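S.K.: The hints should help you fit chains L and Z onto chain C, whose structure is shown.
These protein sequence lines map, in sequence, to chains C, L and Z.
Residue numbers for the first sequence follow the working numbering, so the first one is 277 and each next one is one higher.
Residue numbers for the second sequence follow the working numbering, so the first one is 277 and each next one is one higher.
Residue numbers for the third sequence follow the working numbering, so the first one is 277 and each next one is one higher.
Think of the hints as simulated: they come from the structure by calculation, not from any bench.
None of these values were measured; they are calculated from a predicted model.
Hints should not be assumed to be uniformly reliable.
[As the list claims (entries may be wrong)] With a straight-line cut-off of 25 Å between C-alpha atoms, the simulated DMTMM-like cross-links for lysine to aspartate or glutamate are:
# : chain 1 : residue 1 : chain 2 : residue 2
1 : C       : Lys-322   : C       : Asp-388
2 : Z       : Lys-392   : L       : Asp-388
3 : C       : Lys-354   : L       : Asp-386
4 : C       : Lys-322   : L       : Asp-292
5 : L       : Lys-354   : C       : Asp-384
6 : C       : Lys-354   : C       : Glu-324
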Amino acid sequence: MPHLHLEYTANLTQLDTDKTLLRLNHALVASGQFGAEFDIKSRAHKVESFRVGTGLNERGFVAVRLALLSGRSAQVKKQLSESLLAVLQDIGDWPEGVQVQLSVEVRDMDRDTYSKVAIG
Amino acid sequence: MPHLHLEYTANLTQLDTDKTLLRLNHALVASGQFGAEFDIKSRAHKVESFRVGTGLNERGFVAVRLALLSGRSAQVKKQLSESLLAVLQDIGDWPEGVQVQLSVEVRDMDRDTYSKVAIG
Amino acid sequence: MPHLHLEYTANLTQLDTDKTLLRLNHALVASGQFGAEFDIKSRAHKVESFRVGTGLNERGFVAVRLALLSGRSAQVKKQLSESLLAVLQDIGDWPEGVQVQLSVEVRDMDRDTYSKVAIG
Numbered sequence: 277m278p279h280l281h282l283e284y285t286a287n288l289t290q291l292d293t294d295k296t297l298l299r300l301n302h303a304l305v306a307s308g309q310f311g312a313e314f315d316i317k318s319r320a321h322k323v324e325s326f327r328v329g330t331g332l333n334e335r336g337f338v339a340v341r342l343a344l345l346s347g348r349s350a351q352v353k354k355q356l357s358e359s360l361l362a363v364l365q366d367i368g369d370w371p372e373g374v375q376v377q378l379s380v381e382v383r384d385m386d387r388d389t390y391s392k393v394a395i396g
Numbered sequence: 277m278p279h280l281h282l283e284y285t286a287n288l289t290q291l292d293t294d295k296t297l298l299r300l301n302h303a304l305v306a307s308g309q310f311g312a313e314f315d316i317k318s319r320a321h322k323v324e325s326f327r328v329g330t331g332l333n334e335r336g337f338v339a340v341r342l343a344l345l346s347g348r349s350a351q352v353k354k355q356l357s358e359s360l361l362a363v364l365q366d367i368g369d370w371p372e373g374v375q376v377q378l379s380v381e382v383r384d385m386d387r388d389t390y391s392k393v394a395i396g
Numbered sequence: 277m278p279h280l281h282l283e284y285t286a287n288l289t290q291l292d293t294d295k296t297l298l299r300l301n302h303a304l305v306a307s308g309q310f311g312a313e314f315d316i317k318s319r320a321h322k323v324e325s326f327r328v329g330t331g332l333n334e335r336g337f338v339a340v341r342l343a344l345l346s347g348r349s350a351q352v353k354k355q356l357s358e359s360l361l362a363v364l365q366d367i368g369d370w371p372e373g374v375q376v377q378l379s380v381e382v383r384d385m386d387r388d389t390y391s392k393v394a395i396g
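Pulled out of the complex, with its shape left as it was, chain C reads as follows:
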């Protein structure tokens, strides 16, 4: 906890995933919501097969999902969501002629049934 998933469409060729994940993780650390930086587990996945809507324009997206153990307030979650979106907005530039949508979802993981162990 937390788990972060970033998906990006393959037409966003300039996206530097290493840099982006590190910046997202730094934003989460800076929120003060998490006890240990070590707990933040983030991954990026390039989406090769996608379709945005039904139109013919070239389109793409970056979609982040942040999964937290349940119990945080809506206000805290909204702030986390906005801080991650700010990182996504800052990392562009996006390719010419591609309509890009950036989104961040925050969802709860049930704290009572989440299991974890750290090794090493």
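M.R.: Same frame as chain C, now just chains L and Z:
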């Protein structure tokens, strides 16, 4: 919003993901539930490593998850689920000798903490 | 139902996904919670692009999500979570010098809007 994820096992070699995603998106547009076709963000992911149950028969699956901003009725979500399943049923044919399971999950994304911006 | 997703970071090179998925599925069958072994749909995904926290140590993770139709008690879900974590703990050995985190999330899928069909 909405986000659609389609996973399919690699043994379903005849699946045309471009055509399938477009048909799923058209079904969502036809539902009248979404303000703009542009908002529908769909992706397909081929699952190379999988196991269905514990038996030895050859098996596969297509699993769709549709994520919506919270607030729609169970009835509306059920109709969306069934309309997407109907698309999956219609796109077969499936390989001989493979037991295939098709499923659609509809889940809510918390509207209050979802952030989004469109660029270009 | 159920759906199981296993993600593992690419630096955990010794992980045998076929064996791991089969053992996880056997643990689910042994729980007695599921009517048919055939219903258990599990997949493994190797995460090539990831970042754990902000530190410089080599780190990795195995993250399992189990999605169940809604209605089971917290106690049952906790037992399922712990039995899957026990499998993950048992399958190591993990690479020297990598800090590995193992986690299991159990989440509900809305039973009223889940659609499914089996073919063949």
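S.K.: Determine for every hint whether it applies to the structure shown.
M.R.: Against the structure, the hints:
no., hint, verdict
1, C/Lys-322 x C/Asp-388, "32 Å, violated"
2, Z/Lys-392 x L/Asp-388, "30 Å, violated"
3, C/Lys-354 x L/Asp-386, "10 Å, holds"
4, C/Lys-322 x L/Asp-292, "19 Å, holds"
5, L/Lys-354 x C/Asp-384, "23 Å, holds"
6, C/Lys-354 x C/Glu-324, "30 Å, violated"
Hint compliance for this structure: hints 1, 2 and 6 are not met, and every other hint is.
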